[in-house]
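Letter by letter, the chains look like this.
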Amino acid sequence: MATSNGSSTGTKITALVVDDDRVINAIHCKRLNKLGIENHVAANGKEAVDLHCSGKKFDLILMDRDMPIMNGIEATRELRAMGVRSIIVGVSTRSIKQEIQEFMDSGLDDYQEKPLTSSK
Amino acid sequence: MDRKQLQYQVACMRKSLFDQGYLDEQFNQLEDLQDEANPNFVEEVVTLFYSDSARFIHNIEQAMINKPNIDYGKLDDYMHQFKGSSSSFGAKKVKKECSQFRECCSAGNIEGCIKTFRQLKLEHATLKRKLETYFQLVKQAGIAERR
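So the sequences go chain by chain: A and B.
Mapping to UniProt numbering: the first sequence position 9 is 9, numbers consecutive.
Mapping to UniProt numbering: the second sequence position 101 is 101, numbers consecutive.
Just chain A, with the same shape it has in the complex (with noise of 0.2 Å):
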């Protein structure tokens, strides 16, 4: 499988979740883990940014909108100012147009309804 320039290893993909639900993280990483993709978990936004502070890289972020400390549109923002270069996915139960577009704007390559599925 081809590998992104942002994978930490070089062989295996790599995405981290950042979500502050628990139930949301376990779905999410269970489903990576069947498709062969290392994973990794942040419970905020702010975590996901002090993970690639400390030097973390990441192929794929499945980034949730609505977190406490920092939410997912400022960590996206965050983690594009700092030149982080992943395919960020942003993961929401927001439907409405305005919102996801404010979601969009953030950094986002990809936006997807909550909740994930396989085909998604």
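Derived by calculation from the structure, the hints in this document are not laboratory data.
Among the hints, erroneous ones may be present.
What the hints assert, rightly or not - Calculated lysine to aspartate or glutamate pairs in the EDC-like style (CA-CA distance at most 16 Å, straight line):
(1) A:Lys34 x B:Asp32
(2) A:Lys46 x A:Glu78
(3) A:Lys30 x B:Glu44
(4) B:Lys74 x A:Asp66
(5) A:Lys30 x B:Asp32
(6) A:Lys30 x B:Asp35
(7) A:Lys34 x B:Glu31
(8) A:Lys30 x B:Glu36
(9) A:Lys34 x B:Glu36
(10) A:Lys30 x B:Asp24
(11) A:Lys57 x B:Glu44
(12) B:Lys96 x B:Glu25
(13) B:Lys93 x B:Asp24
These figures come from a predicted structure and were not determined experimentally.
Go by the hints and put chain B onto chain A.
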């Protein structure tokens, strides 16, 4: 009870959970993720949900105490999260009550919020009982299969 009878009971119970609207397609998605490495994945997720949802319920109850200065924004945020969590494993009726509650929040209707929340807690507890029974039956059928 032999293996076939247990498996039949499991299938019937599962079907009724869907037919009666307690669960939706997302539960199927979760079951598809189960494998030999994680044969009880769905049960683990549900257990995690009920562990965390006690906190949601407490937060919402606390936020509704402060009449007449109810912070509907905060209530809505709590319920938004609760809804996301419950919909992630297919809790259809719980999700529906969450949506109803949020509509009452938007309208500033505290009585509606109280009534809906009461119903939500009922659906939440009912689903828990039904899923506990279902998982017990699944385990029994699994044990019978291994004999």
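Tested hints:
Using a Cα cut-off of 16 Å, the hinted pair lysine 34 of chain A and aspartate 32 of chain B holds, with the two alpha carbons roughly 10 Å apart. Proximity of lysine 46 of chain A to glutamate 78 of chain A is assessed by CA-CA distance (about 9 Å); at most 16 Å being required, the pair is judged to hold. The straight-line distance between the Cα atoms of lysine 30 of chain A and glutamate 44 of chain B is roughly 12 Å, inside the 16 Å bound, and the hint therefore holds. Proposed proximity of lysine 74 of chain B and aspartate 66 of chain A is supported: the alpha carbons are some 12 Å apart, at most 16 Å.
Between lysine 30 of chain A and aspartate 32 of chain B, the direct Cα distance comes to roughly 11 Å. Compliance with the 16 Å bound is thereby established for this hinted pair. At roughly 10 Å between alpha-carbon atoms, lysine 30 of chain A and aspartate 35 of chain B fall within 16 Å of each other, so this suggested pair holds. The straight-line distance between the Cα atoms of lysine 34 of chain A and glutamate 31 of chain B is roughly 13 Å, inside the 16 Å bound, and the hint therefore holds. The straight-line distance between the Cα atoms of lysine 30 of chain A and glutamate 36 of chain B is roughly 13 Å, inside the 16 Å bound, and the hint therefore holds.
For the hint linking lysine 34 of chain A to glutamate 36 of chain B, the alpha-carbon distance of about 12 Å falls within 16 Å, and the restraint holds. A C-alpha spacing of about 19 Å is found between lysine 30 of chain A and aspartate 24 of chain B, which places the hinted pair above 16 Å, so the restraint is violated. Restraint check for lysine 57 of chain A and glutamate 44 of chain B: not satisfied, since their Cα atoms lie roughly 29 Å apart, outside the 16 Å limit. For the given pair, lysine 96 of chain B sits about 14 Å from glutamate 25 of chain B by alpha-carbon distance, which is consistent with the 16 Å threshold.
Between lysine 93 of chain B and aspartate 24 of chain B the CA atoms are separated by roughly 9 Å; this keeps the pair inside 16 Å, and the hint holds.
The structure shown violates the earlier hints numbered 10, 11.
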